[in-house]
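Q: Chain residues, written in single-letter form:
There are 2 protein chains.
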Amino acid sequence: MALMKINFPRLQNTIETLAAIGRSDADHGLYRMAFSENDLQARDWLKSQIEAAGLEYFQDEAANIHARLNWDGKRASVMTGSHLDTVPGAGHLDGALGVLAGLECLRCLKEQGVDLKLPLESVAFTDEEGRFGGMLGSQAMSGRLTPELIHNAKDLDGHMLSEVMTHLGMPPLNILRARRQPESIHAFVELHIEQGPVLEQQRMCIGVVDAIAGLVRWNIRLLGEANHAGTTPMNMRKDPLQGFAEVAAALARILEENGSPRSTATIGYVNCFPGAANVVPGRVEFSLDMRDTDMQVLDDLAQAFRKSISAIARRRDLMFEYDEVSRLQAAACDSGIVDCIGKVCREFGYHSMQMHSGAAHDSMMMAGITRTAMIFVPSMAGRSHSPAEWTPWEEIEKGSNVLLNTLYRLASEAA
Amino acid sequence: MALMKINFPRLQNTIETLAAIGRSDADHGLYRMAFSENDLQARDWLKSQIEAAGLEYFQDEAANIHARLNWDGKRASVMTGSHLDTVPGAGHLDGALGVLAGLECLRCLKEQGVDLKLPLESVAFTDEEGRFGGMLGSQAMSGRLTPELIHNAKDLDGHMLSEVMTHLGMPPLNILRARRQPESIHAFVELHIEQGPVLEQQRMCIGVVDAIAGLVRWNIRLLGEANHAGTTPMNMRKDPLQGFAEVAAALARILEENGSPRSTATIGYVNCFPGAANVVPGRVEFSLDMRDTDMQVLDDLAQAFRKSISAIARRRDLMFEYDEVSRLQAAACDSGIVDCIGKVCREFGYHSMQMHSGAAHDSMMMAGITRTAMIFVPSMAGRSHSPAEWTPWEEIEKGSNVLLNTLYRLASEAA
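Keeping their order, the protein sequence lines are chains A and B.
Following the numbering used here, the numbering of the first sequence begins with 545 at its first residue and continues without gaps.
Following the numbering used here, the numbering of the second sequence begins with 545 at its first residue and continues without gaps.
For the record, the hints were derived by calculation from the structure and aren't laboratory data.
The C-beta atom is built at its ideal place from N, Cα and C for all residues, glycine as well.
All clues given are correct.
Below are the DSS-like pairs computed for lysine-lysine, each with C-alpha atoms no more than 30 angstroms apart in a straight line:
1. B:K661 <-> B:K618
2. A:K851 <-> B:K782
3. A:K698 <-> A:K591
4. B:K851 <-> A:K782
5. B:K618 <-> B:K654
6. A:K661 <-> A:K549
For each label pair, taking beta carbons as the anchor points, the in silico distance ranges come out as:
7. A:R850 <-> B:D861: 29 to 35 angstroms
8. B:A932 <-> A:A796: 39 to 45 angstroms
9. B:Q603 <-> A:N763: 52 to 58 angstroms
10. B:D861 <-> A:Q656: 49 to 55 angstroms
11. A:S930 <-> B:P931: 46 to 52 angstroms
12. B:P931 <-> A:H695: 40 to 46 angstroms
13. A:H695 <-> B:E801: 55 to 61 angstroms
Here chain B is said to cover these stretches of chain A; the calculated rule only asks that three of the stretch's residues, wherever they fall, bring their Cβ under 8 angstroms from a Cβ of chain B:
14. 738-748
15. 792-799
16. 901-911
17. 925-937
Hey, can you work out the whole structure from these sequences and the hints?
A: Written as structure tokens, this is what we have:
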């Protein structure tokens with residue numbers, strides 16, 4: 545099959561234009577949190593781009609914005625997409641790249657008038673970054689939301705999702721209507737920056753994502769006895785910070801013994817109470833974030849941590865409590881699409897490698913209703929969620945070319 | 545020598561009366577921070593008690609309150625004392641016991657008209673607990689203060705010591721005049737609650753303190769690289785929290801290898817940044833409090849910690865920085881007074897043991913200018929700096945009897 549190329553100057557121009565919407569003069573970071581003024585401005589701009597390209601504009605009940613090509617409401621579509629919203633102080637590529645490269649792909653396919661068996665859609669999903677919980681639009685589209693989740697969704701400032709949507713003229717419970725039937729989507733492919741250091745270190749242009757890691761996150765408390773640091777001999781202490789140290793120092797061993805090469809375990813937060821230099825702590829609280837692409841491995845890993853922390857607490861006469869605060873199911877990517885992406889890379893002569901995504905993406909939700917895969921481009925120094933986020937333009941061009949040809953081939957398949 | 549006994553109901557009454565001054569209805573804790581309204585009220589009450597007992601009242605330029613018996617300004621005095629001020633939310637014995645038992649001893653000696661070769665003083669030292677730095681009155685009396693220290697002393701709310709004293713009609717630099725010449729004090733003995741669990745666990749009534757531990761305290765920072773917890777493989781991390789865990793888990797070993805049986809090492813504070821469950825920390829800050837009664841041991845211990853943390857940081861590619869935020873010299877107690885206290889205990893038939901004090905006390909300062917020792921009574925469950933602070937009344941009576949006879953014997957010695 546012939547290899548097509550995107551119009552790179554046009555893509556670069558749209559990326560630079562969107563990067564100016566919501567940019568702070570103070571830290572040069574982007575502030576396009578979902579449904580903020582900046583997010584709404586970006587949505588309006590995207591709508592104008594879709595219409596100017598002669599594509600069909602559609603916004604569903606979850607405020608996901610679709611650009612559509614050859615849509616007839618009957619045939620399944622080949623879908624791509626990502627998100628316009630950002631974390632506070634974000635870079636210019638996380639989410640935006642997938643939305644704008646998807647739009648560029650549809651433009652190219654339309655301009656070049658190629659024969660397509662299936663319609664195409666490029667989607668900007670609502671609130672991927674989690675002002676109201678994360679992956680809201682793709683959860684809605686894949687049918688994971690419930691009235692209760694919608695009713696309770698609240699941001700850190702206490703604003704309710706339902707109030708924000710009502711204010712924008714969107715009945716909140718109608719979000720449930722954004723659900724798509726699996727047979728209405730032929731495949732989903734998302735282009736995204738890696739947000740990690742692997743591709744750069746391996747000197748690869750393209751990561752072909754074959755799985756998205758699942759996640760289990762605990763808040764853990766170890767309770768002992770607060771005592772005077774001077775008057776309490778070492779052998780009369782019940783020091784939960786010493787228990788924590790033993791847990792944290794065993795983390796690598798527990799991971800190596802019970803995890804897979806793709807497992808990670810991270811303690812990102814720790815605090816002790818009362819937290820004074822001259823007081824043996826009485827309580828330590830910390831987080832434990834565990835990830836793997838295989839839920840069985842992940843559950844085994846969590847079980848191993850639970851046993852280890854229990855044993856340490858028992859020996860040290862501490863109380864051990866934990867809450868599971870997050871659980872995300874791992875998602876396997878479709879081997880057919882993974883093969884297709886790999887083949888396109890080889891035909892272009894782009895160095896590519898198969899890898900997993902340790903971060904969650906809209907693709908994780910979409911994998912629940914359709915064949916899904918992701919294309920990663922390198923993140924310099926692994927930096928993301930920061931104004932330092934950067935991918936060289938030539939890598940962006942390569943990733944977008946891979947997306948274009950992958951979508952083209954998927955849309956040329958027999959449905 | 546005959547054994548005398550204090551008037552226990554009278555002592556109990558004064559302890560209960562003072563315990564009502566500054567007590568919070570909310571948490572039943574005492575709030576008599578130095579120079580607060582409650583502290584001033586306690587000072588007025590103590591003055592009235594001294595005068596009612598027919599003892600001489602004297603307040604020096606550091607606001608230390610003295611009760612004096614047979615004072616003539618020529619002979620060296622036998623001194624006892626402790627402090628009236630408290631930490632916020634304190635118990636009723638820390639400091640107060642030593643002041644009131646001292647006053648009771650002078651009352652007894654006066655009433656019983658015993659022959660004394662030397663005058664006696666019972667002192668309530670100013671700001672032992674550290675609103676303005678700690679052991680302020682005993683530092684003044686032992687000549688450790690400088691105009692600079694006085695000028696810079698500030699509480700947590702930003703109030704300057706110099707302003708507070710000026711407001712009370714006391715020229716701040718006159719604090720320096722509270723310095724006593726070593727030859728003006730024959731000996732100093734302080735009765736105090738242990739504030740630790742040792743006496744109770746050993747079923748002892750009296751602790752005879754033979755040394756007060758010195759202290760070195762560091763604030764330590766380990767600097768690595770903040771990264772995404774999902775996308776950064778374990779082997780590409782520079783995680784300072786893992787470095788911290790290794791340090792904290794090595795604490796017991798380092799202490800056992802380099803310390804003495806009296807050494808303690810405590811991490812009472814730890815925090816990591818940015819401190820989010822899904823981010824590998826980029827910076828960890830923690831405190832390290834090291835104590836021993838032998839400064840050479842303490843310095844060796846600190847050196848061992850420095851080498852261990854350096855090695856761990858080097859291997860993990862972290863930066864290691866620390867500040868020494870406190871250093872207190874250890875103080876040896878006078879063996880003659882220690883022997884005298886032990887002898888009194890044996891004569892009474894009270895179970896006693898020699899021990900060190902892991903906490904700092906006014907005695908630590910007084911040891912710099914005169915022969916010093918301390919008498920400890922048990923703290924139930926080691927609790928202190930809390931409304932749960934408690935010593936059974938019979939133990940208080942025994943400790944006060946030991947103080948009385950020790951002071952009597954010291955004041956009967958040839959000067």
